[in-house]
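Participant: These protein sequence lines map, in sequence, to chains L and B. Our numbering applies: residue 36 is where the first sequence begins, and numbers increase by one. Our numbering applies: residue 202 is where the second sequence begins, and numbers increase by one.
Quick caveat, the hints were computed from the structure, so don't treat them as lab data. Hints may be right or wrong, so weigh each one.
What follows is a list of derived Cβ distance ranges for each label pair [claimed, not checked]: (1) L:S319 - B:R230: 40 to 46 Å; (2) L:R347 - B:R204: 46 to 52 Å; (3) L:N62 - B:K384: 39 to 45 Å; (4) L:R298 - B:D271: 50 to 56 Å; (5) B:R204 - L:E350: 51 to 57 Å.
Covered stretches of chain L, going by a simulated chain B footprint (3 or more residues, C-beta under 8 Å) [unchecked claim]: (6) 106 to 120; (7) 264 to 271; (8) 320 to 328.
Every residue, glycine too, gets a C-beta built ideally from N, C-alpha and C.
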Amino acid sequence: MISLTRLTNGTLKRTAPEMNPLLEIRNLQTSFHTPYGTGRAVNGVSFSMNKGEIIGLAGESGSGKTMTALSILRLLPENKVHISAEALRFNGLDLLSMTDEEMRMIRGHKISMIFQDPVAFLNPAFTIGQQLTDTILTHMKISKQEAAALAVETLSKVGFTAPEHKFHYYPHQLSGGMAQRTMIAQAIVTRPQLLIADEIATSLDATLQNQIIDLMLLIRQELSSAMILITHNLALISQMADRIAMMYAGEIVEIADKENLFRNPFHPYTIGLLESIPRIDKKSEFLKTIPGNIPDIFHYPAGCNFSDRCPRVMEICCHKKPGYYELSPGHKALCWLGERAATT
Amino acid sequence: MNRILLKACNLSKTFTVKKSLFFSNRMERVAAIRNISFQLYQGETFGLVGESGCGKSTLSKTLLRLLKADDGEVYFGLTQEQFLKLESARPLTGIGDGEENQEYRALRSQYNLTEMSEKSLFPYRRKIQIIFQNPYSSFNPRLRVREILEEPLLIHGVGSKQDREETLYEMLEKVGLNRDYAKRFPNEFSGGQQQRIGIARALILNPELLIADEPVSSLDVSVQAQIINLINRIRRDMHLTVLFISHDLSVIRQVADRAAVMYGGRLMEIAPTEALFANPLHPYTDLLIKSAPVIRIGQGSDFSRWEYHHDPARNEVVYETGCSFRAKCRDAMPVCEQLIPGLLEVQPEHFVACHRLPVPTGTLQNKGSLS
C-alpha cells in the first residue's frame with residue numbers, strides 16, 4: 036500500500052500549501068474518440084475552490100456536468116477518452132500525472148463521489164454493512180471490529196434508526212431515500228476533503244429531497260468538506276451552494292456566488308433557464324422557454340455555443356467564440372454582451 | 202359547472218406480491234389505490250399530485266383498464282339523463298345488492314368501463330388516450346415515426362391510406378415537429394422531441410380525454426416549459442379534457458384547473474387549483490407545498506420546514522385501517538388510527554379527507570352525489 040505521506044512529501048511536489056485552493060482546474064478538456072468523430076464533452080472548464088466551499092455545477096442534461104466530475108476523478112476509460120488540462124490540482128497535487136495506484140488512494144478517501152442512482156451503485160450481493168466496512172478497510176488501517184463500529188456510527192450519522200440492525204440489510208431492502216443515505220454514508224466514512232455529489236436528490240420526492248439537503252449541510256458542518264454539487268435543479272442548488280457555475284455545452288457560461296447569480300443573472304442562458312422554471316406561487320398563462328435543443332458534442336456552432344438558441348444573439352456571436360468577462364468581482368460570464376457591459 | 206366527462210366511484214386495486222423469501226410462497230397483498238372517487242368535467246385539466254408510489258399511475262392505468270380494477274366503477278361520456286337514471290337506481294349503501302336492484306345492475310354493467318367486455322370497451326379506447334413519462338420506452342424502436350403514428354389509426358380503422366398519411370403529417374406539425382421526421386426512428390430524437398411524438402400518437406385519434414402520466418418529469422426545465430405550453434395549447438385547440446399526473450406541484454399549478462392530492466392510495470384533498478394552493482386544508486397538502494423546492498437566496502438552511510417523524514421505515518407502512526398519512530402527520534389524533542377519514546366537501550368544490558377538520562355541513566362525495 037502506498038501511503039499518502041509519500042504523495043505529500045516526495046515525488047509530487049506541493050507548493051505553498053497554505054495559499055493553495057483545495058481544487059484548481061484550468062482549461063479542462065475531455066473528448067471522446069468514436070468512429071463518428073471526436074466528441075468534445077468538456078470544453079475548457081476552469082474554476083477553483085477553497086476548503087469547505089460548496090460549488091454548484093448547474094445545467095441541462097448533456098451540458099457536461101457529470102463529465103467534468105468524472106474527469107476530475109479520472110473515472111473515464113483512458114483508452115477511449117482523452118483528458119487534458121493546463122492544471123488539475125487537488126491540494127497542490129497534480130491529478131493528471133498520478134499513477135493509477137496513487138489515484139486510487141485519492142478516490143474514495145480524499146475525494147468521494149456520490150452517484151445519481153444509488154441502487155445501481157450498491158452491490159446487491161452484499162449487505163450495506165459489509166460494503167461500508169470494505170470501504171473503511173481499504174482506506175484506513177484499523178481492525179475489522181473498529182471498522183464495523185465506524186460503519187454503524189456513520190449509518191446513524193446519516194439518519195438511520197437502529198443502525199446495528201440496518202447494518203445487515205441488503206440493498207433491495209432499502210427504500211430510495213435510505214439507499215441514497217447509504218451512498219452518502221459510504222462517501223463520508225473516510226472524512227473526505229472533497230465530496231462530489233451527482234444529482235443526489237433528483238430521483239427523490241420533495242419531502243425526502245429536503246431531508247437529504249439538510250443532511251448534506253449537516254455533514255459539511257461536521258466534516259467541513261468542500262462539495263461539488265451537480266444538479267439541473269436550480270432550486271436545490273440555491274439552498275445548498277455558495278457559488279454556482281452554469282454549464283452549457285461543455286463550458287461554464289456563467290459563474291458567480293449564489294446571491295449574484297440569482298439576483299443579477301447575466302448570461303442569456305442563465306436568464307432563460309431561470310425564467311422557464313414553473314413557479315409554485317403564481318400561475319402564468321404561458322411559460323417562457325428556450326427554443327431549440329442543446330448542440331450535440333460532435334457538432335458545435337461556429338461561434339458561441341448558445342448562439343443558435345440565444346434571444347439576444349448578435350452578429351459576432353455566430354462566428355467568433357466569446358471570452359470571459361468579469362462583471363463584478365467573482366462574477367464572470369462567457370458572452371459577447373459582457374464586452375459592452377464591461378466597457379460602459 | 203360543465204358536463205361530467207368521467208366519473209370514478211370507489212375504485213380499488215390490490216396487487217399480490219410474493220414476499221422476498223426465496224423458497225416460500227408467502228404472498229402479500231398491497232393496496233395500490235383504495236376507494237378512489239372523483240369526476241372530471243369536460244374541458245378541464247385535472248391535476249393529480251403525490252409522491253412516487255402513492256398510486257397515481259395505478260389510478261391512471263385503472264381508468265384506462267390497462268389494469269383491471271378489483272372494485273369500483275368508471276363511467277365515461279354519459280349524458281346527463283343516463284347519469285340521473287344510474288344514480289336514481291343506485292341502492293343506498295348498506296341495503297344489500299339484492300335482486301331488487303336489477304335495474305341498477307343492468308345499467309351499471311352497460312356503462313361501467315371496469316366490467317365491460319373488451320369488445321364493447323374498444324370504442325372507448327379511442328376516446329381515452331395516454332402519454333407516458335418515458336416516451337422512448339413506449340415506442341417500438343424498430344418502427345419509424347410514420348408507423349408509430351399510423352398504428353392507432355390502423356387499429357381503429359380510420360380513413361384510407363391517403364387520409365391517414367395526411368392526418369399524421371398534420372399531427373406532426375401540430376406538435377411542432379418537421380414533416381420529414383416521419384421517416385426517422387425514435388432513437389434519433391431528443392427527449393423533448395420524443396415526448397412530442399408521444400403526444401402526437403395520443404392525439405391522432407382525436408380523443409376526448411388525455412391522460413398525461415408525468416409527461417415532463419424526465420425533461421430539462423427549458424424543454425419542460427415547451428411541452429407544458431404545447432399541452433396547454435393543444436388542449437384549447439382540440440377541446441380536450443386532460444388528467445395531468447405529476448409529482449411536481451409547480452407544474453400542477455401551471456396547468457391544472459382543479460387538482461387532487463393523493464397519498465398512500467387514497468385521495469386526501471380535491472380542490473380548484475387556486476384554492477388548493479391558497480388554502481391547503483389537508484396537512485399532507487400543506488407539507489407538500491411547503492417542501493416544494495423553490496429558489497432561496499438567503500443564507501444557509503433557514504427553512505421553516507415541517508417537523509415530522511423521521512423514521513424512514515415508517516414511510517413504507519401502509520395502513521389497512523385509519524388514515525394512511527397518520528405516521529407523518531403532525532396532528533395525528535387517536536381517532537386517526539381507527540377510522541378512515543371520508544372525503545368531505547368542506548368548502549364549495551373543496552373536498553378534504555381529514556379527521557382534524559370540524560364536521561362540515563357538506564355532503565359525502567363518496568355517496569356519489571351529482572356535483
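Participant: Could you work out which earlier hints the structure fails to respect and list their numbers in ascending sequence?
Facilitator: Of the numbered hints, just 6 does not hold.
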